[in-house]
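Enquirer: Below, each chain spelled out in residue letters.
Protein chains: 2
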Amino acid sequence: MAPSNTSIKLVRNIPSGSPTLKDFKVESVDAPTKSSLQPNQVLIRTLYLSCDPYFRGRLSGTRDSYVASFEPGKPIEGLGVGVVEASTSSKLSEGDLVTGGAFLWETRFVCADSAVTKVPSNTGISPANYLGVLGMPSFTAYVGLVSLCNPKAGETVLVSAASGAVGQMVVQLAKARGLRVVGAAGSDDKVDFIKSLGADVAFNYKTCGDLQDAVKKAAPEGIDIYFDNVGGEFLDVALKNMRPFGRIAACGMISQYNATPETAYQLKNIVNIVPKKVSIFGYIVTDYYSKPDYKKFIDEVSTKLKEGKVNYKLDEVVGLENAPQALLDLFEGKNFGKRVVKITDSNQRL
Amino acid sequence: MAPSNTSIKLVRNIPSGSPTLKDFKVESVDAPTKSSLQPNQVLIRTLYLSCDPYFRGRLSGTRDSYVASFEPGKPIEGLGVGVVEASTSSKLSEGDLVTGGAFLWETRFVCADSAVTKVPSNTGISPANYLGVLGMPSFTAYVGLVSLCNPKAGETVLVSAASGAVGQMVVQLAKARGLRVVGAAGSDDKVDFIKSLGADVAFNYKTCGDLQDAVKKAAPEGIDIYFDNVGGEFLDVALKNMRPFGRIAACGMISQYNATPETAYQLKNIVNIVPKKVSIFGYIVTDYYSKPDYKKFIDEVSTKLKEGKVNYKLDEVVGLENAPQALLDLFEGKNFGKRVVKITDSNQRL
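Order-wise, the sequence lines are chains A and B.
Each residue of the first sequence is one higher than the one before, starting from 1 at the first, in the UniProt record's numbering.
Each residue of the second sequence is one higher than the one before, starting from 1 at the first, in the UniProt record's numbering.
Some hints could be false.
Straight-line alpha carbon distances no greater than 35 Å define the calculated DSBU-like cross-link-like pairs of lysine-lysine that follow [said to hold, decoys possible]:
| no. | chain 1 | residue 1 | chain 2 | residue 2 |
| --- | --- | --- | --- | --- |
| 1 | A | Lys268 | B | Lys291 |
| 2 | A | Lys277 | B | Lys34 |
| 3 | A | Lys342 | A | Lys304 |
| 4 | A | Lys313 | A | Lys152 |
| 5 | B | Lys277 | A | Lys342 |
| 6 | B | Lys216 | A | Lys217 |
| 7 | B | Lys217 | B | Lys152 |
| 8 | A | Lys296 | B | Lys217 |
Since the hints were derived computationally from the structure, they do not count as laboratory data.
Since the structure is predicted, the reported quantities are computational estimates derived from the model, not experimental observations.
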């Protein structure tokens, strides 16, 4: 009997507004078998899948983006970690731990051996870390803060969504460089977590009252670097509080991803960038894996990991069938830390 | 009898909205005399004064800016060119041509010798050029385009206010580097002028109909560099049309300088900078005079001037008493080229 194999498929594209559970379909499909492999392919059993804000763009159906949109009727795909169950590749063997950016949201799937990268197994750390502290969101933090904003000791950095997948690493990279760190997040638990990471000031943006007052209080002398994970009003307030020669890393604008033309936030303070000489850097992390920055990041964070000097919060949801809700929650800020889905399989063959 | 001496003074600060002639006072004052000079001072007769968009900030009364606001009851000051009529300085002599950023809007005034710089006289070119093709607006064009946006042959640059003090030099520096240049301005005469400078496409933003359609038609493949002199809707449309890895030089936002909180344009398309990986550089030219960029600029433009390969349009208004109106016109785009005021003095002593 073939093992159970669950597949999460997209029902329809959602150009704007908020996706719902009805936009996803949880199907039971035949599992791929070793005998079905073409040359240089691998059969992967999924261990962890990553839920990321950039998925919103991939749900939209637009062709005018930096990553292809998901197609209705086909499985969702994204970053993942899994174990090779069968291989016709000379480079990968059964039992290898692999990661890659085109994991299907299925219990098992087949892909070319070139689509995944082998990573160390049996290290005692959870494979989920390859989606977290050493993964894409963490490198995203490095590129935005270190590569683009060139932080200097004594400067003040403001981080929105500071407990999130990217933000928590921004806080730690900034503290390690001697910056004064102001973090914001959407619950008191998250605020406590940000403080535990070393942030000098942290506040709950949902309960702080007027956001301008909160930022002004947290950084009365102004902001040298704003690490923007949310866009919208937060970006506008940051623009108002930038110091001369300030830098903004435009990493993501999750507050706007589900906005419609009617509800989209309209920015009022962009004019400040001229007299304050502010630079704003939009970027996508995938452009930086082939640059020296990637090795520098891995070296720095690996060393910190070994020394126990880095803290990284994963928010684990269990069960592939719960992945759509896990993603929807992310768009509403209900995650606490980097959201991953752990795939359970009661019918493992290996 | 002392020579005539006119002084243009500010009546009141104008925090927002449009200044009017009533906000300025044209006074006849006693001219300074040689005998009143302290050591290391010069008495300057003003030849040309510069009207620049950044004056709007200096009229506002705000202390929170990169240049001090003008003070009610005191003369306006800014960039100018003049001739030394008397000197107690060992560095400057009678007859020297000088330029500087703190020229009073007076027929004659006294300042420290350190506040002005001697420039070549008797070169056959008008002293007004030190406010134009070799002056601050022209260097502003160089910094925004060359130093910050790193233009590459074959790229497309969009320039707003392309016939203005800065824009006309952006067009020429970009063409010299092999870019495709799209220029916009507010009259058909200006559009013809932009084309005469070598722009590949130029359009009248006041009569083009929908601005998005006009930009899309002029640059169907999108924009690599947007040189922003105006802000507001034009910036928003540019943001919508940026190509991947696009750069925006945020040089000035004159469309917004007289805006009130109620009339200020609200930006809708900032979210595009993340997927399109766009960088935006706010800057002020005065930060670049001490960098190698300044010498490179002077070398390049001087050479072009000698070879007759640069064209620069001055918009000359005659008479110090007309300077306030000349400035107000600038805020409404009524200038055509770099606006300067030529000071006439029927009572020259030298």
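Enquirer: Now look at each hint and say whether the structure bears it out.
Expert: Hint check results:
1. A:Lys268 / B:Lys291: Answer holds: Lys268 (chain A) to Lys291 (chain B) is near 32 Å, not above 35 Å.
2. A:Lys277 / B:Lys34: violated (41 Å)
3. A:Lys342 / A:Lys304: Holds: Lys342 (chain A) and Lys304 (chain A) sit about 25 Å apart, inside 35 Å.
4. A:Lys313 / A:Lys152: Holds - the C-alpha atoms of Lys152 (chain A) and Lys313 (chain A) are around 26 Å apart, at most 35 Å.
5. B:Lys277 / A:Lys342: holds (32 Å)
6. B:Lys216 / A:Lys217: Given that 35 Å is the threshold and the Cα spacing comes to 44 Å, the pair is violated.
7. B:Lys217 / B:Lys152: holds (22 Å)
8. A:Lys296 / B:Lys217: The given pair, whose Cα atoms are some 44 Å apart, is violated under the 35 Å limit.
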